[in-house]
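K.L.:
Spelled out, the chains give:
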Amino acid sequence: MKIIVNGKEAGTKETGCAICGSDWGSYYAKVDGEELFFCCDICAKEFSNMIQEVKNRTNWNKIDEVNIRGNWSMGRHVMARSGVQRYYFYITFDEDGNIRTFKPE
Amino acid sequence: MPICPVCEITYDSWDQVSDHMLKFVEKSEAKHVMWLNHNISIKSLNQKELSEKLEEFFSLNESLAMWIRRRFIERFYGTEPHPFMVAMQNPTKGVLLGYVLEHQHFLRNWVRILSTIIYRSEYDDVVRYELENMTTEFLGFEGKPSHYELLIRMGESLGLKRAEILSTPPLPATLSAIKTWKNIAETKGWVETMAAMHSLELVSDRSLIKDGATIPYFSPKILESNEYPDAVKNFLREGYEADLYHAGEALRLVEKYAKNPEIIQVIVLKSFDAFAKYLLSRLERGMMLDPLVKA
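In order, the protein sequences belong to chains A and B. Per my numbering, the very first residue in the first sequence carries number -19; after that it's consecutive. Per my numbering, the very first residue in the second sequence carries number 1138; after that it's consecutive.
Bear in mind the hints are in silico, worked out from the structure with no lab data behind them. The structure displayed is predicted, hence computed values, not measured ones. Treat the hints loosely; a few may be bogus.
As the list claims (entries may be wrong) - Taking lysine-lysine pairs in the DSBU-like style, the calculated list, with each CA pair at most 30 Å apart, reads:
| hint | chain 1 | residue 1 | chain 2 | residue 2 |
| --- | --- | --- | --- | --- |
| 1 | B | Lys1230 | A | Lys83 |
| 2 | B | Lys1370 | A | Lys25 |
| 3 | B | Lys1190 | B | Lys1393 |
| 4 | A | Lys(-18) | A | Lys83 |
| 5 | B | Lys1190 | A | Lys(-12) |
| 6 | A | Lys35 | B | Lys1431 |
| 7 | B | Lys1164 | B | Lys1230 |
| 8 | B | Lys1168 | B | Lys1396 |
| 9 | B | Lys1180 | B | Lys1407 |
| 10 | A | Lys42 | B | Lys1431 |
| 11 | B | Lys1180 | B | Lys1281 |
| 12 | A | Lys(-18) | B | Lys1431 |
| 13 | A | Lys(-12) | B | Lys1407 |
| 14 | B | Lys1396 | A | Lys10 |
| 15 | A | Lys(-12) | B | Lys1281 |
| 16 | B | Lys1160 | B | Lys1325 |
| 17 | B | Lys1431 | A | Lys(-12) |
| 18 | B | Lys1160 | A | Lys25 |
| 19 | B | Lys1180 | A | Lys25 |
| 20 | A | Lys(-7) | B | Lys1407 |
| 21 | B | Lys1168 | A | Lys(-18) |
| 22 | B | Lys1325 | B | Lys1190 |
| 23 | B | Lys1358 | B | Lys1316 |
| 24 | A | Lys10 | B | Lys1168 |
| 25 | B | Lys1164 | A | Lys(-7) |
| 26 | B | Lys1168 | B | Lys1316 |
| 27 | B | Lys1180 | A | Lys(-7) |
| 28 | B | Lys1396 | B | Lys1407 |
| 29 | A | Lys83 | B | Lys1164 |
| 30 | B | Lys1393 | B | Lys1370 |
| 31 | B | Lys1160 | B | Lys1190 |
| 32 | B | Lys1185 | B | Lys1160 |
| 33 | B | Lys1160 | B | Lys1180 |
| 34 | A | Lys25 | B | Lys1316 |
Use the sequences and the hints to build the structure in full.
P.N.:
Below you can see the structure in the form of structure tokens.
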């Protein structure tokens, strides 16, 4: 999965956390069959919940790309792509990493 | 005293705080990692770099009040202002209704928290200040309606019934923020509580612009515009005129009675985190009422 966070590639220790872009910490989690880097377990939970929600809403089997713009304080505007199909949404999370707001855009 | 901004444990040096935080980072402990992400940098630093950054971050070059003011500007009015303030430059009906339905809960909680400051402070200037603030916010003064009443009238002018406004429960993010402020009031000293609450009144302090805020709380053109009902303008004008004094005077009192600036700084940052989420909650409510509302 190609992951872009605020204009920069992310998802490994070198590139940064798959949802916030930070390279503090060393938490790994498997999402959509891929081992991804996160700075903490809350970020991992947020990302997994987001991917699952997109799959539920689109019926896609696989997501090829997510492009995330924003942060914890502003909320995040996201483009998810599967093949040539694209899905745009706005998302926020609660303190435990659960989805609080999900709004297709 | 150097302090861990998450655990609130004090140390003898910033080097020790840096060591402590990096131990938690090694374990990817979410609270420490997130604090660093939100306040220092999303790029990791070594022990010495982090120690220097922490010392720089907490240093009071001018005064505690000015430190709070500058951090508030950075957090809410920097190069990427908070989306609620962006929405308030030209607010739709949905944005304003979101403001009404969530803010009524904030204001009710507000006076309850201020009452704990009155209960615990032995200083008359503090008690007088808080009583005056509570009066203007909740009761009204010299025939003028309270800020709370003006808020409800704003909602009514936009088509909601008073009973409907008062019976709408808060969204989870509003409730979560209120819990944070209640927790501060219940577990911290009155000076810390005062700083946590009144620093939030900086939001509508229009003098922030001279210190670097990129936008005002709302476009002042609204106050002259015919597009908005008078009740909207009356509510916004009240905050516009009152909070300039409210926040400045409260932070002067905090400065006067603060014994431990570092703990105040840490608590203020926690309050700012809650406030950022709470402001998003106003927009979230707006989105529920009006599909045109965007964050």
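K.L.:
Indicate, hint by hint, whether the structure satisfies it.
P.N.:
Going through the hints against the structure:
{"no.": "1", "hint": "B:Lys1230 x A:Lys83", "verdict": "holds (19 Å)"}
{"no.": "2", "hint": "B:Lys1370 x A:Lys25", "verdict": "violated (43 Å)"}
{"no.": "3", "hint": "B:Lys1190 x B:Lys1393", "verdict": "holds (27 Å)"}
{"no.": "4", "hint": "A:Lys(-18) x A:Lys83", "verdict": "holds (22 Å)"}
{"no.": "5", "hint": "B:Lys1190 x A:Lys(-12)", "verdict": "holds (24 Å)"}
{"no.": "6", "hint": "A:Lys35 x B:Lys1431", "verdict": "holds (23 Å)"}
{"no.": "7", "hint": "B:Lys1164 x B:Lys1230", "verdict": "violated (46 Å)"}
{"no.": "8", "hint": "B:Lys1168 x B:Lys1396", "verdict": "holds (26 Å)"}
{"no.": "9", "hint": "B:Lys1180 x B:Lys1407", "verdict": "holds (21 Å)"}
{"no.": "10", "hint": "A:Lys42 x B:Lys1431", "verdict": "holds (28 Å)"}
{"no.": "11", "hint": "B:Lys1180 x B:Lys1281", "verdict": "violated (51 Å)"}
{"no.": "12", "hint": "A:Lys(-18) x B:Lys1431", "verdict": "holds (26 Å)"}
{"no.": "13", "hint": "A:Lys(-12) x B:Lys1407", "verdict": "holds (29 Å)"}
{"no.": "14", "hint": "B:Lys1396 x A:Lys10", "verdict": "violated (48 Å)"}
{"no.": "15", "hint": "A:Lys(-12) x B:Lys1281", "verdict": "violated (53 Å)"}
{"no.": "16", "hint": "B:Lys1160 x B:Lys1325", "verdict": "holds (26 Å)"}
{"no.": "17", "hint": "B:Lys1431 x A:Lys(-12)", "verdict": "holds (24 Å)"}
{"no.": "18", "hint": "B:Lys1160 x A:Lys25", "verdict": "holds (22 Å)"}
{"no.": "19", "hint": "B:Lys1180 x A:Lys25", "verdict": "holds (21 Å)"}
{"no.": "20", "hint": "A:Lys(-7) x B:Lys1407", "verdict": "holds (28 Å)"}
{"no.": "21", "hint": "B:Lys1168 x A:Lys(-18)", "verdict": "holds (27 Å)"}
{"no.": "22", "hint": "B:Lys1325 x B:Lys1190", "verdict": "holds (26 Å)"}
{"no.": "23", "hint": "B:Lys1358 x B:Lys1316", "verdict": "violated (35 Å)"}
{"no.": "24", "hint": "A:Lys10 x B:Lys1168", "verdict": "holds (22 Å)"}
{"no.": "25", "hint": "B:Lys1164 x A:Lys(-7)", "verdict": "holds (14 Å)"}
{"no.": "26", "hint": "B:Lys1168 x B:Lys1316", "verdict": "holds (17 Å)"}
{"no.": "27", "hint": "B:Lys1180 x A:Lys(-7)", "verdict": "holds (11 Å)"}
{"no.": "28", "hint": "B:Lys1396 x B:Lys1407", "verdict": "holds (19 Å)"}
{"no.": "29", "hint": "A:Lys83 x B:Lys1164", "verdict": "violated (33 Å)"}
{"no.": "30", "hint": "B:Lys1393 x B:Lys1370", "verdict": "violated (35 Å)"}
{"no.": "31", "hint": "B:Lys1160 x B:Lys1190", "verdict": "holds (17 Å)"}
{"no.": "32", "hint": "B:Lys1185 x B:Lys1160", "verdict": "holds (14 Å)"}
{"no.": "33", "hint": "B:Lys1160 x B:Lys1180", "verdict": "holds (16 Å)"}
{"no.": "34", "hint": "A:Lys25 x B:Lys1316", "verdict": "holds (23 Å)"}
In this structure, the earlier hints numbered 2, 7, 11, 14, 15, 23, 29 and 30 are contradicted, and the remaining ones agree with it.
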